[in-house]
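Going down the list, the sequences are from chains A and B.
For what it's worth, the numbering used here labels the leading residue of the first sequence as 1, then goes sequentially.
For what it's worth, the numbering used here labels the leading residue of the second sequence as 1, then goes sequentially.
Be aware that one or more of the hints could be misleading.
[Stated by the list, open to error] Ranges between beta-carbon positions, derived for each pair: (1) B/E5 with A/L196: 52 to 62 Å; (2) B/V225 with A/K360: 32 to 42 Å; (3) A/L374 with B/K39: 49 to 59 Å; (4) A/N211 with B/I121: 47 to 57 Å; (5) A/P429 with B/N452: 31 to 41 Å; (6) A/P375 with B/V225: 18 to 28 Å; (7) B/V225 with A/P429: 40 to 50 Å; (8) B/K39 with A/S200: 18 to 28 Å; (9) A/R103 with B/A123: 23 to 33 Å; (10) A/G114 with B/L185: 56 to 66 Å.
[Claimed, not checked] Heads up, incomplete: computed chain A residues facing chain B, CB under 10 Å, no partners named: (11) A184; (12) A519; (13) Q549.
[What the hints assert, rightly or not] Below 25 Å or equal to it, Euclidean Cα-Cα: the simulated SDA-like pairs (lysine to any residue) are: (14) B/K448 with A/T526; (15) A/K153 with A/R68; (16) A/K551 with B/K448; (17) A/K188 with B/A396; (18) B/K448 with A/K188; (19) B/K448 with B/T374; (20) A/K188 with B/G358; (21) A/K193 with A/M173; (22) A/K188 with B/Q321; (23) A/K193 with B/G283; (24) A/K482 with B/N224; (25) A/K100 with A/K462; (26) A/K193 with B/R315; (27) A/K462 with B/G358; (28) A/K170 with A/T201; (29) B/K124 with A/V52; (30) A/K188 with B/G360; (31) A/K482 with B/V223; (32) A/K482 with B/V225; (33) A/K410 with A/L95; (34) A/K193 with A/I274; (35) A/K510 with B/T219; (36) B/K124 with A/L198; (37) A/K551 with B/A178; (38) B/K187 with A/F550; (39) B/K448 with A/S546.
Quick caveat, the hints were computed from the structure, so don't treat them as lab data.
Quantities reported herein were computed from a predicted structural model and do not represent experimental measurements.
Glycine included, C-beta positions come from ideal geometry on N, C-alpha and C.
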Amino acid sequence: MKPEDLFSSEVLLWRYVRALACLLLLQVVAPMAVCNLYHTVVAQRILNPITVTTNLLTSCIYPTKLLRLVVPAACFVILARVHIKSYTVSAWVPLNRWEKWRRVLSLTVILRSGLIMIACALLANFYTSLAHPDFPFLVIPCTPGDVMCYKRKTVIIYMGAYVGYHYAYKYFMLNGNLITPTPAHPRKLQLIKASLSLRSTREACNTHGANKLSFLCAICIYMAAAIMINLIYDGNWQEWLVIFDLPLMMMTLLATVLLAISLSLFSQVFHIFITEPVEIPVATAEDSNPEAETDSWRLSNALSSSGLLQLLAFWDLKTLASSDPMNFARRTQVFCISQPGGHPRNWMGIMNPSMNLIRKFCERLKRHNCPEDLPKPPVVPAGAASAPTDVNKNEVVKPPPVPFKERAVKLIMSLKRYPFFGYFLSDLPDATNRSIFAEALPVIWAVQALGDLVTASFTEDKFGVVQRNIPDILMAFTQLQKVVDGLGRVTISRRPGTGEALPSELQLRKALRFSLRSALYTVTTTFGDTVLAMPVSAECQSKLQSYLQFKEG
Amino acid sequence: MINLEHLHPPPGCGHVTAYENDGRLRALHVTEALETTKKWLGGQFIEVTVGQEPVRTAHSKQEAREAFSAHTETPWQRVMFAYYEEGWEASLQEMIKGKDEGSLYQVASTMASVILKVCGIIAKAQALLPSPKRSGSSANTPLVLRGSGGSIVSVAWHPHTNTLAAVFCDDTVRVFAAGRSITPLLKHRLQKSITHIAWMPYSASLMAVGCECGVLLWTLDPVNVVTRPSGSCVSLLAHPSATPINSLTWHPKGNLFACVGGSNSQLVVWDVGREASVVVHSGTGGNISLVLWSPDSSRLFVAYSSKIMRVFETRSWTYEQWSLESPIQSAVWSSLGHLLLFVTQDDPVLYYLGFIPGEGVGGTQVAAQVADLTQTLVSDEDGEEVSVGGPVKQLAWDIRSERLAIVFRDTEFVVLFHTHTHPTLHLAPGGLIRGEPCQVPVSVSFQKNLPNGAVLSVVWSSGQVQHIPMRYSSREPLPSTLNTSTFNTSIRTTHNSILNCSVPLNTSMGYAGSPVTSPLIGGIFTSP
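Construct the entire structure; sequences and hints are all you get.
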């Protein structure tokens, strides 16, 4: 079984289930239980704890209550489904405007945004029905004479869908679906507690369209649409003014705020559960048996995978490599050799995927920014490549047909010359580099982990399994640093104290420079002048020299 | 238990402690002392000077308007001007100030005072709620670095180079490096009320300055010759739960730092590269005054302004708590991160806690007393009686945990102990450090990049920074070069010895100083 499949079935599935259960408990069951408790103790003045408990239990399993729970549960399942299908570990950076539009208009995004909007509309209705009995529940039909009932419903459903649209836009277009592990991993309860704070709630309301301006804007759009519909169908448009009554406005506002908080909490709790660190064994029992399946659940395979598993595997590697004495036993496994044979399998299993990742990343950057630095492909001798030709023949050999892809590229290039198409098709500034750096997080952790492991090998590596690869590692680091530094400064600058945050890909670029320096300093400080005796290129050696003298800022 | 009477008599008045040799502190006349230090340190000597420009204290800034003569506007004009300049609250204040201006004005003045009182009550009510909008400039921030009249209030050594950052009382930081004439001046409009500065480990250029608005990260290119780094060299890391900063500490590897601040008890950890933060603990206990990351990175010490302290393990951030009789004043980790020395605000006693590696925090249940620092009268070399000890202000332990310096709140001597942590903790008397007459020590810091010996930098109340070189052969290896397997066993032995008190503690290797060592006595502090 592949590590990705194992991870999905053994780890991720349970994380989804636990996240959903936690959300239902947090957002539906707990508030309802508190409301029931309040009703029993304050309104009915029952103080006997046994009666209170039985009341609570009976009210929870009461059929109508259970029926009420079905709607929010279904909404959360829909939201969870969309989140599970849409989350990503690297930010999406559009290369041109056309790509942006293509994403907005793609069927998947429209469908998933629609699902989010439906779930939000239903949730808004549920919250309204909880808050006030005058606002009937969605499943209860309006009485024929009640004009307001229909209008109230439409207003609340509309506002729910509006908040849902806000959320979906942020989620799909502004990288709201990006999940990255937090710098430290305290207990989940602590993280959930922090996300329930007043500040987070306020931020959530502002982000997800539950602020005053957004509310006013939505009501205006709603009114304009209603009046337009009435004018088209010759109805009395003044009928719609009846929605301007205070209780309805208060209810709508309350439902919108609750919805925004729900959505924010949903995304945060989902994020907390999904990014929980996972400890992957460095070596398994199968290692001793060479005939066992090679794609088992172990760190080297997880590091070579992709997506979330790769990210969590590099996080685990970083934790393992850190100087914490608690990880001493795991680090020992990295530095041990196989019996019999004496091969450093565990170290190679970690080093190879990490170095491959760093080299590939460096190559991608080089290909885009300095293609002349790339090693040239081997030149094929001219005689071997050309077909044998007879100079006496008059027939001209037809050139091979141009593939469709190349023709399409040529067509696009020619279209770029026209201003209208140029607007959509021309590249956004620095977009390619930004899209490369958006995937830099595992590279950063690979750099940190290798730096720490090399440092740890100074005292812990009894068999010297690491020392053969130290020059390669140092050269890869200095090469990557040269490429990253060669790109110049980040184009978007900001003033401290203004509260602006850099886009995640630019932040990662900074973080990569930062971790490369830190890793090189860690190695040079630990090994001292010994690093200069290593067989590295002259360029790398001069770099190491300046690191030894603390001249790299 | 060791006490201050075991120390060698301090030098007489007019003499200054210049260096340590053969395990004894030597005192010389002021000019000779400076010359000797220069000679001992050679090219590594850093002279911390203020320069020609006067340094104004940031905490006694005067309003510009006070420099002008009395105004002649009508009261209403003054109210209007106050409104334009500082807002409606200032205009109401201005309205209250005016007296005997007519009945209409009196009515307006009364109304203004009522409105202001109501606003005050609302503000007090708001202060009880954990409001996200509350500004960081709360009144109870006693930890702002302040000197006693001098221009320099604190110094911080770079962990790997001969570079020293000095905090000045006008909220600027100057960076002095050995062999460089350029001293960059770090000044920024957000850099107010500096509480803490710390160089990032494994970096040549990064320094964190904890101040009122959060943590300012300065990036100083070591080969740059700019004397006044621009605003582009700074980035602000501010978390609403940790402003203003009370204390900050770097992870020993340098990619993370923990900070605390404000009046809440939230512990925030920042990833410096990604500029991402996470609240790893938020609970009761009052505001946090001090955080310290252990050198082996596995534990984080947190001191609260109430009578508790906690030590977190940094994997899943669970903690162990110790209750105290008085809030923590200062604490230091040993170089291997298995011992913690601390002092409280009221008791002049040095306490010690041991930790064992493994799952969880692993701290000993009871803190042991290792030194009695009660204020006593001792005779100096001239025969005059001087007072030493008392409530402690600051502890500083050198990078190999061989010299411990203690600064007191009320007395003019810095106490130096010779220490030994491997295999068990021992304290031996080192001596008393004296400055120029009537100078009181403000803060101390050990140089961190020395392969042998130590250099203690003392900031005196006059603003002078004195370096005291200490020449001795190191017994303790540097943390990075110690084998972890021996480390584990050594700590286990230490722990057992404390719990069982079976290992005779007086069997330390002979120090060059006095043979008196410190037997450990079970303290009054217990872990629940």
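Is it true that the CA of A/K188 sits at most 25 Å from the CA of B/A396? Violated, at about 36 Å.
Does the Cβ distance between A/R103 and B/A123 fall inside 23 to 33 Å? With Cβ atoms ~48 Å apart, the hint is violated.
If you check the beta carbons of A/N211 and B/I121, does the distance land in 47 to 57 Å? 28 Å, violated
Do the Cβ positions of B/E5 and A/L196 conform to the proposed distance bound of 52 to 62 Å? 56 Å, holds
For the pair A/L374 and B/K39, does the Cβ-Cβ distance stay inside 49 to 59 Å? For B/K39 against A/L374, whose Cβ atoms are near 56 Å apart, the range 49 to 59 Å holds.
Hey, A/K482 versus B/V225, does the alpha-carbon distance stay inside 25 Å? 23 Å, holds
Hint consistency between A/K462 and B/G358 [alpha-carbon to alpha-carbon, up to 25 Å]: 22 Å, holds
Hinted pair, alpha-carbon criterion (25 Å max): A/K482, B/N224. Please report holds or violated. Measuring from Cα to Cα gives roughly 19 Å; hence the hint holds.
Mind checking the alpha carbons of A/K193 and B/G283 for me, to see if they're no more than 25 Å apart? Judged against 25 Å, a Cα distance of about 10 Å means the pair holds.
Restraint outcome when A/Q549 is required to lie within 10 Å of chain B by C-beta distance: Holds. Min distance 9 Å.
Restraint check for B/K448 with B/T374, where alpha carbons must lie at most 25 Å apart: 30 Å, violated
Is 56 to 66 Å right for how far apart the beta carbons of A/G114 and B/L185 are? 58 Å, holds
In this structure, the earlier hints numbered 4, 5, 6, 7, 8, 9, 17, 18, 19, 21, 25 and 29 are contradicted, and the remaining ones agree with it.
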